[in-house]
Every structure is written in C-alpha cells, then in structure tokens.
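Enquirer: Here the sequence shown stands for residues 704 to 1055, numbered as in the numbering used here.
Some hints could be false.
Said to hold, decoys possible - Cβ-Cβ distance ranges computed for the label pairs, FRET-style: (1) Gly-863 / Gln-1053: 27 to 33 Å; (2) Gly-851 / Val-1008: 35 to 41 Å; (3) Tyr-949 / His-896: 25 to 31 Å; (4) Gly-822 / Asp-979: 21 to 27 Å; (5) Glu-944 / Gly-815: 27 to 33 Å; (6) Asp-988 / Gly-873: 39 to 45 Å; (7) Gly-863 / Thr-981: 36 to 42 Å; (8) Asp-955 / Ala-754: 48 to 54 Å; (9) Gly-755 / Glu-916: 45 to 51 Å; (10) Lys-780 / Asp-988: 17 to 23 Å.
No wet-lab data here; the hints were simulated from the structure.
Note that beta-carbon positions come from the ideal geometry of N, C-alpha and C, so glycine has one too.
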Amino acid sequence: MNSTAPSSSRPKVHIILKRHEEATSNVSCEAKQGSIDIRTISDIDPEEFAAGDKRIVVGDYLPCGLTRVANERASRKLGAPLENVEFLCCTTATRAVQTLQGMLPHIELGPGCPRDENGQPILHCDSRILEATNWPQDQSATRWQKDGRTYTSYYELQGGKGPDAGHVLGVSKVDLTNTDWRQEDDPKEALRHCPTFEEIEERVAEWRRDLFERASRTTNEGTARFIVVSHGGILSFILSEWRCLYQRKDLDSFWEWKGSGFLSNGEAVVFEFQPDGTLTEVPRDPYYEKVFGDSYKTFGEEPLVYKNPDGSEVDQKQGHKDFIRDTAEEVVAVMETQEGLLDKMTAWLQNK
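Please construct the entire structure, taking both the sequences and the accompanying hints into account.
Expert: This is the structure we're talking about:
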C-alpha cells in the first residue's frame, strides 16, 4: 500500500479523534451493603440483576455501554453543526458506537460520506482500534438479529458523580443495523491470551494506513472531516506518542501510574495527515471551540513529560506496556472463576 501522496494534490482532511462518553466500565463506587461485585459474586440471576434495584461496585467485566448520564450527554446539541463530515468511524465496542450515533443529528455529511439505500449514514466500526487491554468490556459487542435488524444489549447504569452512579437501571438495546462491521478480534480468545504490545501497534498501524489511503482519495474541495470515536489508551497507539496519566503524593515523590487515557470521556482532539502518513495536531481552531466547547482539547507542540525527583523521566510507553501485562494477568485470574457467570449474563441479554 502506498503510504504517501503528493503534497500538491493532497486533500485537506481533519481527523477528529474523540473518546467515548462515560461507560459502564468507567463506573466505580464505594462498596456498600448489598452492592454486587461481579468479579467475586458466585452467582446471580441475569433477570433479577436487570430488575432495576441492584448496585454494582465496578462496571468492569459487564457487557459495556453508555451510562444513562452519558447517553444524555452524547446526544446533546453541539455548539455549531460539524460540517463536511466524509467518514464516520468508531470501534466495535458498544460505547463507541453509541457516542457516534448520538452525534449524528448534529453532523452535516459531506457528499462522499457512505450512506445506505435510504440516504442514512453508515458507521464504519473497526475492531483494530479497540482499547488496548483484554478486559471483556474492551472486546467487540455481542450482536444479535431480529426482524432483519442487528442489535446488541447491555445492563445500563445510572453513571455520573452522584451516589447512585452504580445503580442498575435495566437493559438497554442498541441498534447496530447501519454499520459496516470489521471485527478481527476473538473476544473469547482475548480473555485468555492478551495481544502483545507489538501486535496492538501493528494492528493500529494497519488501520492508520487504511485511514490515510481513504483520506488521500477524498475529493471534497473544502476541509473534509473524519470522525473517529475510540478509547483513551488506544489513542497513544494511533498517534504514536504516549500521553498517559501519572500521579504522585507530593513534589518529593516519584510519579506512579494512574491511567492510560489522557483524554477524559467525551473529549476530542483534531489532527491531520502529513504526506508521509503521520498525524500532526491541527493548531487550536476557533471553529472546533465553537462546535465542541469545553470538550475540545489540544495537546500542543511539546510532549507530555513527567520528571522524578532524581531527574529521571518517566517512560510512559513502558508504563503502558506494564499496565497491559498486569491487566491481562488480572483478567485470566478473574475469568477462571467468573467466566460461566458472565457467559450466562451475556447470553440472557440476547433478544432483550
């Protein structure tokens, strides 16, 4: 595949990289009497769990989708219409699809944006940019069909910052019919054998080359825009630049890992391709400030650096490698005891 294009003929395409809104897996609550920890509970009836009077401790390991609070946020009106959108892309995780679906009423499609026979936009869902862990919630959505349409379902949580964030509200169904689904992951296999860091880099690089080729073919005379909704940690792989979260107790302490995602839920940055296929950030633009408001972020030209008291610099890429390894070990341990229960809960959701 040719990864370059002559600069004189290269179209102007802005790549809007957006993190999904708050999801089930982002919810973490204080354990209280009666709370359910899906990582340790021996058994639960899926229908009883969905009845609407349960509270969870953490949302990890559950079939994942947006919280009630996030669903409302995802569909809120933008500050201005997002114009000239030529490509709609997200991962095969339910929360990413929902986030992009929520934006659709506020988007003005360009002439080259893929549509179905009724003129409705088609979302390209690609597993190659799924989050870089083997947690069950970071795998492709389990799909099912009914009456000629395609769906997925999950247990919806309240979400937000209040005391009821972990409240199970019931089952939410998401329509996946208008999607171009590219799934290369095997969720069951991933639970036992997490892809290596290098394998994740390779799959994301392949996706980026495909996106560059699509951008190079764009014939739009104005500034075309591609929307990509993905996840916090995978963004470093997409940009080939590591911006992770670290924390420390005080100025005399060493930095400690906090998280792989530098963007908060719902935040967006804007990049564009260079002739060699690399991505560089678009300088802060008043147009995107108007469209996205406080959710619009810019990284700036300087890399994110954490300096320890001894003068050493935190190796964020290595920190991310260690996080992926440690997470994989945790998943294997949890699934040894919980796989049957989680399979039962996922199976019950079919056709709900």
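Enquirer: For every hint, state whether the structure bears it out.
Expert: Do the hints match the structure? See the list:
1. Gly-863 / Gln-1053: 27 to 33 Å: holds (28 Å)
2. Gly-851 / Val-1008: 35 to 41 Å: violated (53 Å)
3. Tyr-949 / His-896: 25 to 31 Å: Holds, since Tyr-949 and His-896 (Cβ atoms, about 28 Å apart) stay within the stated range.
4. Gly-822 / Asp-979: 21 to 27 Å: violated (36 Å)
5. Glu-944 / Gly-815: 27 to 33 Å: holds (29 Å)
6. Asp-988 / Gly-873: 39 to 45 Å: holds (41 Å)
7. Gly-863 / Thr-981: 36 to 42 Å: holds (38 Å)
8. Asp-955 / Ala-754: 48 to 54 Å: holds (51 Å)
9. Gly-755 / Glu-916: 45 to 51 Å: holds (47 Å)
10. Lys-780 / Asp-988: 17 to 23 Å: holds (20 Å)
The earlier numbered hints that this structure contradicts are 2, 4.
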